[in-house]
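Please assemble the complex out of the two chains, which come individually in their own frames, going by the hints.
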Amino acid sequence: MSQARDIYPQVPRNGGPEGHRNGYPPTPLQAPRDSSRQEPRLLAAGPDAGWARHLDTFGTWEPQAAGPGLLEALAAAGLTGRGGAAFETWRKATATAGSGRKGLFPARPVVIANGAEGEPLSVKDRTLLAHAPHLVIDGLTALAAALGASMYVYAPAASLPRVQQSLCERPRGKRIHLAQAPETFISGESSAVVNMIANGTAVPMDQRRRLSESGLNGRPTLVVNVETLAQVALIARYGAQWFREAGTPTDPGTRLVSVSGPAPVRDVVLEVPGGAQLTAVLQEAGMDPASLSAVLVGGYHGRWVRPAAHALSPVGPPGRTARPGAGVIHALDLQTCGIQATARIVSYLANESARQCGPCMFGLPAMASVLNRIAGGETNPRLAAELDRLGRLVSGRGACRHPEGTTGLVSSALEVFAADFRAHLSGYCAGPGGAAA
Amino acid sequence: MKTYLHIDWTSCDGRGLCTELLPGVLDRDDWGYPVARGKAGWERTDVPVRDADREAAQEAVFLCPKLALSLFERPGPEQEKRTPGR
Ligand code: SF4
Ligand code: SF4
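Chain order of the listed sequences is B and S.
When we follow the numbering used here, the leftmost residue of the first sequence carries the number 1, and every step to the right adds one.
When we follow the numbering used here, the leftmost residue of the second sequence carries the number 1001, and every step to the right adds one.
Bound conformation, chain S alone (with noise of 0.2 angstroms):
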């Protein structure tokens, strides 16, 4: 199972709160908002999680003022299971 970081963008308001507690994992763009480093695709909107992030993850899911955050588990890199589309 990997663990991954899940932003829910209809709720951030890009006061970047948790890229301050995740420097490592997530950056802020132009606006404020939280772009996970180095990943591309939706690998930036469910961001995974490497075990020595995971605490400080938990923190910014527990921190984050919009509840924008969530952490989930899924078995091994499936994300073109995650087609929205029509």
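In isolation and in its complexed conformation, chain B is listed as follows (with noise of 0.2 angstroms):
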């Protein structure tokens, strides 16, 4: 049993930080680790973190006074979004900086921390939260000083107590707005997150100007997941070069994976470097990658592969690359159909479209009916190809990537699963509760 899981138990999706505190087992967290391992960064103060063991693991600092070199030093170390798109954060802060200096009247730019985890299977982002949150906002306090940027916290009910708790508890915290984001699969895509701070609804809006143009109230927004912030807080303390000590030169730095499998697979919040196998990181977390059949990397906008040699990383080689997205590894046992799991993946996605595109409204039903009815035994031998053509017809076509992270997801299965498709096609499944022969 690995050491990391037991020491960074996963937040459930609807219990506080409070809830398992009890459950903590007393190993002292300064345990020899197995070598091979990445050292914790992120989680290195440990659980629960308060502002003193903070402050005693990563050293007294200054964030405020932190902006000044702040965006070169991320562009040095080549840091990456960690809530999914993987866009170069430097890049994104820069273009926001940009226009808050633009035109007679410049507008004061927004700083927004995402803590929004809609992936059901992903509990990174409050795990951070719950564990290391002012390392979040050392991170968040540091971006908005380069930026001169007020600065907003969003993120579930269950996460915001423990926020509020510890901008209480250091200085010049108050000066940090908190909002609630709701629980639905799309409240954290980044015009959502402004469309929930300024009216109140996280559904994404048209976005003709970008948010780094014109965001929240018109102002020059940065929508930054937490998790991004607290490796931001790691860069600007210990520089680029040390944050490059860990990952590779195209993927830089560690990230974290919420890891979840078969039964009696914990699910786990891990560290990994970038760049790392995907089969070491299953093994990590207790898999045997030989029992399992395949594993969706990425989150339900994510693509499913096989347990075989996948470097976890946004950029490489196709076919030896798995992006991880929003850092969700999930694997399937050899037992489980493929076709059943996404069917049921795609239904919850397309029920959780926000229903203002035509495309995304429409589309994603019509594919899970097609994938449900492939799941249930239908026999139908053009129903494969009707996947296919709904999915080109819908990506590209909306408000947000919902449609095209679907589409992504469905033709990875029709690719992972070619065997089973045939199989089903023909009238037999080789998953449990399948159209059997």
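Rather than coming from a laboratory, the hints here were simulated on the basis of the structure.
Any given hint could be a false lead.
[To be verified] Derived SDA-like pairs: lysine to any residue, alpha-carbon spacing no greater than 20 angstroms straight-line: (1) S:Lys1039 / S:Phe1072; (2) S:Lys1002 / B:Arg209; (3) S:Lys1066 / B:Arg209; (4) S:Lys1066 / S:Arg1028; (5) B:Lys174 / B:Gly148; (6) S:Lys1039 / B:Arg208; (7) B:Lys174 / B:Arg108; (8) S:Lys1039 / B:Arg389; (9) S:Lys1066 / S:Asp1027; (10) S:Lys1002 / S:Arg1050; (11) S:Lys1039 / B:Arg392; (12) S:Lys1002 / S:Arg1074; (13) S:Lys1066 / B:Arg208; (14) S:Lys1039 / B:Gly408; (15) B:Lys174 / B:Glu62; (16) S:Lys1002 / B:Arg210; (17) S:Lys1002 / S:Asp1053; (18) B:Lys174 / B:Gln64; (19) B:Lys174 / B:Leu160; (20) S:Lys1039 / B:Ala52; (21) S:Lys1002 / S:Gly1024; (22) S:Lys1039 / B:Glu404; (23) S:Lys1002 / S:Pro1075; (24) S:Lys1039 / S:Ser1070; (25) S:Lys1066 / B:Gln356; (26) S:Lys1002 / S:Gly1041; (27) S:Lys1066 / S:Arg1015; (28) S:Lys1002 / S:Trp1042; (29) S:Lys1066 / S:Leu1021; (30) B:Lys174 / B:Ala52; (31) S:Lys1039 / S:Ala1052; (32) S:Lys1039 / S:Glu1020; (33) S:Lys1039 / S:Asp1051; (34) S:Lys1039 / B:Ser411; (35) S:Lys1002 / S:Glu1073; (36) B:Lys174 / B:Arg162; (37) S:Lys1066 / B:Arg355; (38) S:Lys1002 / S:Val1061; (39) S:Lys1002 / B:Arg208; (40) S:Lys1066 / B:Met361.
This is the structure in structure tokens:
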């Protein structure tokens, strides 16, 4: 059993950090670690780290004075967003800073720490907010200082009390506004974040103008995932070179991943180096890759891959790279039917469409229905082609990436479960409860 | 500078007037919503418009009952900057 798992149990979706505080084993955090494993960086202060332990671990520091040179350091570090899109953080920040300076009456930018974790299989952001809230707030403060911006933390109800408590513990914490994220899949999409704070509805907005030009109340707005901000805090403290000591040149640093799999495997949040091997991560989470049929990497907008030699990295040769997206890694055992699993996910995604954009509102349910017909044993050979056609039809046509992400997942299923699709369409399902011959 | 026709999907109701005005640029999907012909990815939301189609595009912008269409100019191909993400 992995050390990391014992130290950093996941925070359940609807339970706050309070709920399981007693569950921590008394294991000292300084316990010798297996050398092949990534030393914890983000969670180095241990469970439930308060202000004192935070300073003790990371050193005293004035984040509000860290603005000058920060964007250059982020560029040198090569930090990419940890919320899904893996866009370079410094570029996003620079675009926002640039529009803030434009015009006769420069508008003060806004930086929003995004802790909405809509992915049902993701728990890493709430885990981070529960255990290392001060690191996130450090990063937010430093980045906002670099842009001269005002600050928000946007997080689900379960995470907010801990953030609130942390803000009270630290000097100048009162300057940060809090906003509650609803528990919907789409609530963390950046324009939905802005829409929620401005208008109280967490659905994406048409983005004719980029948020970096005109976001919250028309101000240049930067929405940054909470883990990305915690990484910003570490880079601001220890420098780009230190950051690059973990990971690979093309995927530097570390990332948190939420790993789940077939029972009795426990869900776990791990900190892994950039470019980590998928199989190694599965093993660290207590799974034998040989006992798995496929792994969903990146979340419900991610892709299915075989549990083979894939590097977890936003960039790399296709076929040997799995994009970590929102940091979700979910393994399927050999007994579970991948088509049924995908059908359930796509039905969920169709249901979570904000129903504003026609192609998403009609196309996703249509895809879900075709998938469910295949999963349910209908043997019409044209169904697979129809699924492919619908995916092509909806992609790129929405105010947000929801149709795109759903299509990506389905196309990976058609690829990875190609044999199962053929079996299903000829009346046979290898999985239990399927249309077995 | 290149001209693009932006479709605001949150406003469009899919009655398809624009597809009648721009038959060479826009097709209708299963539900009546416009689909940019021969385009992929974000070029189906910000649709590149050739000079020859510009006037018709302007008219579509003007006549769209839901004010879902707009024309804008942007230097060169740079869809990758449009990375709607969290
Ligand atoms: S694409 Fe779908 S989820 Fe995104 S805004 Fe439009 S309707 Fe909502
Ligand atoms: S005319 Fe406007 S509302 Fe009608 S289909 Fe075209 S974009 Fe949509």
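Going through the hints against the structure:
no.	hint	in the structure
1	S:Lys1039 / S:Phe1072	holds, 18 angstroms
2	S:Lys1002 / B:Arg209	holds, 16 angstroms
3	S:Lys1066 / B:Arg209	holds, 18 angstroms
4	S:Lys1066 / S:Arg1028	holds, 17 angstroms
5	B:Lys174 / B:Gly148	holds, 16 angstroms
6	S:Lys1039 / B:Arg208	holds, 18 angstroms
7	B:Lys174 / B:Arg108	holds, 18 angstroms
8	S:Lys1039 / B:Arg389	holds, 15 angstroms
9	S:Lys1066 / S:Asp1027	holds, 18 angstroms
10	S:Lys1002 / S:Arg1050	holds, 8 angstroms
11	S:Lys1039 / B:Arg392	holds, 11 angstroms
12	S:Lys1002 / S:Arg1074	holds, 5 angstroms
13	S:Lys1066 / B:Arg208	holds, 15 angstroms
14	S:Lys1039 / B:Gly408	holds, 17 angstroms
15	B:Lys174 / B:Glu62	holds, 15 angstroms
16	S:Lys1002 / B:Arg210	holds, 18 angstroms
17	S:Lys1002 / S:Asp1053	holds, 13 angstroms
18	B:Lys174 / B:Gln64	holds, 13 angstroms
19	B:Lys174 / B:Leu160	holds, 14 angstroms
20	S:Lys1039 / B:Ala52	violated, 55 angstroms
21	S:Lys1002 / S:Gly1024	holds, 18 angstroms
22	S:Lys1039 / B:Glu404	holds, 14 angstroms
23	S:Lys1002 / S:Pro1075	holds, 6 angstroms
24	S:Lys1039 / S:Ser1070	holds, 18 angstroms
25	S:Lys1066 / B:Gln356	holds, 13 angstroms
26	S:Lys1002 / S:Gly1041	holds, 17 angstroms
27	S:Lys1066 / S:Arg1015	holds, 10 angstroms
28	S:Lys1002 / S:Trp1042	holds, 15 angstroms
29	S:Lys1066 / S:Leu1021	holds, 15 angstroms
30	B:Lys174 / B:Ala52	holds, 18 angstroms
31	S:Lys1039 / S:Ala1052	holds, 17 angstroms
32	S:Lys1039 / S:Glu1020	holds, 18 angstroms
33	S:Lys1039 / S:Asp1051	holds, 17 angstroms
34	S:Lys1039 / B:Ser411	holds, 18 angstroms
35	S:Lys1002 / S:Glu1073	holds, 5 angstroms
36	B:Lys174 / B:Arg162	holds, 14 angstroms
37	S:Lys1066 / B:Arg355	holds, 16 angstroms
38	S:Lys1002 / S:Val1061	holds, 17 angstroms
39	S:Lys1002 / B:Arg208	holds, 15 angstroms
40	S:Lys1066 / B:Met361	holds, 17 angstroms
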